[in-house]
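Novice: So the chains spell out like this:
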Amino acid sequence: AQSVTQLGSHVSVSEGALVLLRCNYSSSVPPYLFWYVQYPNQGLQLLLKYTSAATLVKGINGFEAEFKKSETSFHLTKPSAHMSDAAEYFCAVSDNSGNTPLVFGKGTRLSVIA
Amino acid sequence: SAVISQKPSRDICQRGTSLTIQCQVDSQVTMMFWYRQQPGQSLTLIATANQGSEATYESGFVIDKFPISRPNLTFSTLTVSNMSPEDSSIYLCSVDKFGQVYFGAGTRLSVL
Numbered sequence: 001a002q003s004v005t006q007l008g009s010h011v012s013v014s015e016g017a018l019v020l021l022r023c024n025y026s027s028s029v030p031p032y033l034f035w036y037v038q039y040p041n042q043g044l045q046l047l048l049k050y051t052s053a054a055t056l057v058k059g060i061n062g063f064e065a066e067f068k069k070s071e072t073s074f075h076l077t078k079p080s081a082h083m084s085d086a087a088e089y090f091c092a093v094s095d096n097s098g099n100t101p102l103v104f105g106k107g108t109r110l111s112v113i114a
Numbered sequence: 001s002a003v004i005s006q007k008p009s010r011d012i013c014q015r016g017t018s019l020t021i022q023c024q025v026d027s028q029v030t031m032m033f034w035y036r037q038q039p040g041q042s043l044t045l046i047a048t049a050n051q052g053s054e055a056t057y058e059s060g061f062v063i064d065k066f067p068i069s070r071p072n073l074t075f076s077t078l079t080v081s082n083m084s085p086e087d088s089s090i091y092l093c094s095v096d097k098f099g100q101v102y103f104g105a106g107t108r109l110s111v112l
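So the sequences go chain by chain: Y and F. If you read the first sequence in my numbering, its first letter stands for residue 1, the second for the next number, and so on. If you read the second sequence in my numbering, its first letter stands for residue 1, the second for the next number, and so on.
It is worth saying that the hints were derived from the structure and are not from the lab. Among the hints, erroneous ones may be present.
[Said to hold, decoys possible] Think about it this way: if two alpha-carbon atoms lie no more than 27 angstroms apart in a straight line, the pair counts; the simulated DSS-like pairs of lysine-lysine are:
1. Lys97(F) to Lys7(F)
2. Lys65(F) to Lys68(Y)
3. Lys106(Y) to Lys7(F)
4. Lys7(F) to Lys68(Y)
5. Lys69(Y) to Lys106(Y)
6. Lys49(Y) to Lys65(F)
7. Lys58(Y) to Lys68(Y)
8. Lys106(Y) to Lys65(F)
9. Lys69(Y) to Lys49(Y)
10. Lys7(F) to Lys65(F)
11. Lys58(Y) to Lys69(Y)
12. Lys68(Y) to Lys106(Y)
13. Lys106(Y) to Lys58(Y)
14. Lys65(F) to Lys58(Y)
15. Lys49(Y) to Lys68(Y)
16. Lys97(F) to Lys69(Y)
17. Lys106(Y) to Lys49(Y)
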């Protein structure tokens, strides 16, 4: 079985500061890992995904995440937060066989303070 | 790629009634997945729908409450039966096509 733990249900940063959203996973097989963003009253948008190629994955809007097998982590970072980054962020895991559903973490709400 | 059309996009329903949500994919896929996102919560998998067989339900979800049809490789429906206010959620369908995951825009359901 697979699971995802997102540390911190709410993270608040100042505009221009580093964004760090934490995600740890549990998987008995090599995982695929995803980060999604959800703006208020909108659908899910894929930020980036790891599928066993490069361990440092670059996504949209300046976000990136690093897969660390030894730490079973896939933390999301952005060097400089913008006000427009305020949203809910979900980490998700699936196995690498295809045709398997994503297992989502509980989400982290990011607030950006001017 | 895959484009998913989900409808209705939103509905307001009376308790005790049922609503059927449709999910249409523009290409054939083996599995279709149905999720629920309760207000302020994450996404929870309801069931996996495979064409030609009964859907596989996750713990806490039962066929009598959430019957699913999968008549062909491009279409599925999820029915929310005998609704109560606790069923107010966003319901999403999803497919995995060659390792790419796609989501429908969701159905926002409010039960009064």
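Novice: When the structure is checked against the list of hints, which entries are broken? Sort them ascending.
Specialist: 2, 4, 6, 14
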